[in-house]
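Chains as they are written, first to last, in our numbering: chain G, 1 to 137; chain Z, 138 to 274; chain H, 275 to 411; chain C, 412 to 548.
Please keep in mind that the hints were generated in silico from the structure rather than gathered at the bench.
It cannot be assumed that every hint is accurate.
[What the hints assert, rightly or not] 25 Å max Cα-Cα, derived DMTMM-like pairs, lysine to aspartate or glutamate:
id, chain 1, residue 1, chain 2, residue 2
1, C, 525, H, 370
2, H, 313, Z, 142
3, C, 450, G, 5
4, Z, 253, G, 5
5, G, 114, H, 321
6, H, 390, C, 456
7, Z, 251, H, 344
8, C, 525, G, 70
9, H, 388, C, 508
10, G, 114, Z, 272
11, C, 525, H, 371
12, Z, 251, G, 70
13, G, 39, C, 456
14, Z, 176, Z, 218
15, C, 450, G, 132
16, Z, 251, C, 416
17, C, 450, G, 70
18, G, 114, Z, 142
19, G, 39, C, 533
20, Z, 176, G, 81
[As the list claims (entries may be wrong)] Part of the chain G face toward chain H, derived, beta carbon under 10 Å:
id, residue
21, 10
22, 13
23, 21
24, 86
25, 87
26, 90
[Said to hold, decoys possible] Anything over 10 Å on all C-beta distances counts as not near chain G; from chain Z, calculated:
id, residue
27, 143
28, 177
29, 189
30, 199
31, 209
32, 254
33, 265
34, 267
Note that beta-carbon positions come from the ideal geometry of N, C-alpha and C, so glycine has one too.
Number of protein chains: 4
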Amino acid sequence: MVATELRVIYGDTDQMGVVYYANYLRFFEAGRTEFIRAKGLRYRDFEASYQLWLPVTEANVRYLQPARYDDLLRVETSLAEIRRVSATFAYRLVREDGQLLVTGRTVHACIDLKGKLRRLPEALVSLLSAGETLEAT
Amino acid sequence: MVATELRVIYGDTDQMGVVYYANYLRFFEAGRTEFIRAKGLRYRDFEASYQLWLPVTEANVRYLQPARYDDLLRVETSLAEIRRVSATFAYRLVREDGQLLVTGRTVHACIDLKGKLRRLPEALVSLLSAGETLEAT
Amino acid sequence: MVATELRVIYGDTDQMGVVYYANYLRFFEAGRTEFIRAKGLRYRDFEASYQLWLPVTEANVRYLQPARYDDLLRVETSLAEIRRVSATFAYRLVREDGQLLVTGRTVHACIDLKGKLRRLPEALVSLLSAGETLEAT
Amino acid sequence: MVATELRVIYGDTDQMGVVYYANYLRFFEAGRTEFIRAKGLRYRDFEASYQLWLPVTEANVRYLQPARYDDLLRVETSLAEIRRVSATFAYRLVREDGQLLVTGRTVHACIDLKGKLRRLPEALVSLLSAGETLEAT
């Protein structure tokens, strides 16, 4: 698990006074990038060196409590599952006071430049899995 | 089912050259608002007259094919399920040429000003369900 | 001048109950694209056929009155000025009832793939200027 | 001057491979909030305790060089000018290697709940101006 801190800005909120529901996926992305960086890789280098991409094929979000303007949030990102051609990340969004606000998952396919599914490189699998407790499948 | 048209702008895309994954939830919201309007209600009037809100408690998205800059998209919004204190909308995002790009669902709780769960008003249930084929539950 | 209609969604607003100040630049972009389309060109074709880009080098916005959720807005886009290597668009954002809400301008440089300034193609100048009343310079 | 660090995410970019032009206003907002916090106030407390708001009435942005995915940026926020009923902030967006990317300004009116212009509270003026070099007017 890798934790990343984020501060909610006005631009993240909507007129209900809480973070707009789509923006949690932005927070998840920030968490995912920092997860990959913490494992020793920059996602932009991954794209450049492997010529592979990890587009999202599925996203699921559960909104338990709303985040609000100026909240300091912690995105806890884990690798939940890794398969031959896909990887699943899990997210927990936690407020400064420890309150769990939102949970979610994103599934990513591994594709090449032409959009064809490709096996996740062994090196990447090792690197992402290091220190992670994957779910039994 | 209610269909709404949308044009993808530069601001919806990311550097992969496709619509950023969070922005499909914006498209769903546009579809949802037009769904409610087509049933004879403006969502802002609903909030104002009933003093109730329908915040999202869950969102699920399946990304089949990416939408791209300047694509003309159709969001097909349906009411999938309606319960005592929640409603589920289903979305199909279809490109001009008929290609299905993204599907999704959002679950909405009915809450009052204090954030307490409240029964969906009968009038609202009738109105939203009119002409819709709900899923067997 | 070319007019484009837009509907404000929840995702455009912030907790002040009005459209977030950055999002007017999204509305301007929608207006600009429709302006170019109305003149007979799709911006994506321009990029592809000329191998030129028109990135924004300057943006100015005046916020007179706020736009709100569900407002139906009209973006009136004009070509204000055209020079050897740049073009300036002007925008007026008008609410359904005729109230002027926001005005703005964006200046765009013409660059090639390598980021070098390039003369705006004559054909493009003619096309964009057709029917427009440019400002005296 | 108060400096705030930001990391560019995928969601900030567009298909030109650079940060979308509207999103720099999000970065400015983050800088502005941290400026106010560094001066000893949280903007949300300001709104709550004074019952005043500082909506943007004007924004100007100059795009010198694009920011890109994963760039670590520093927003340098200063108070440029303060008047009876308005305040102007100036921003410089600088990349990790020292390259200046974007500059901008936002003008904010001071209004009450009813949207009426109100004099900026003396206490706020003192607090925001502390340590700042205002422009001669």
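(message) Let me make sure I understand: some of the numbered hints might not hold for this structure. Which ones are they, in numerical order?
(response) 4, 6, 10, 13, 15, 16, 18, 19, 20, 24, 25, 26 and 30
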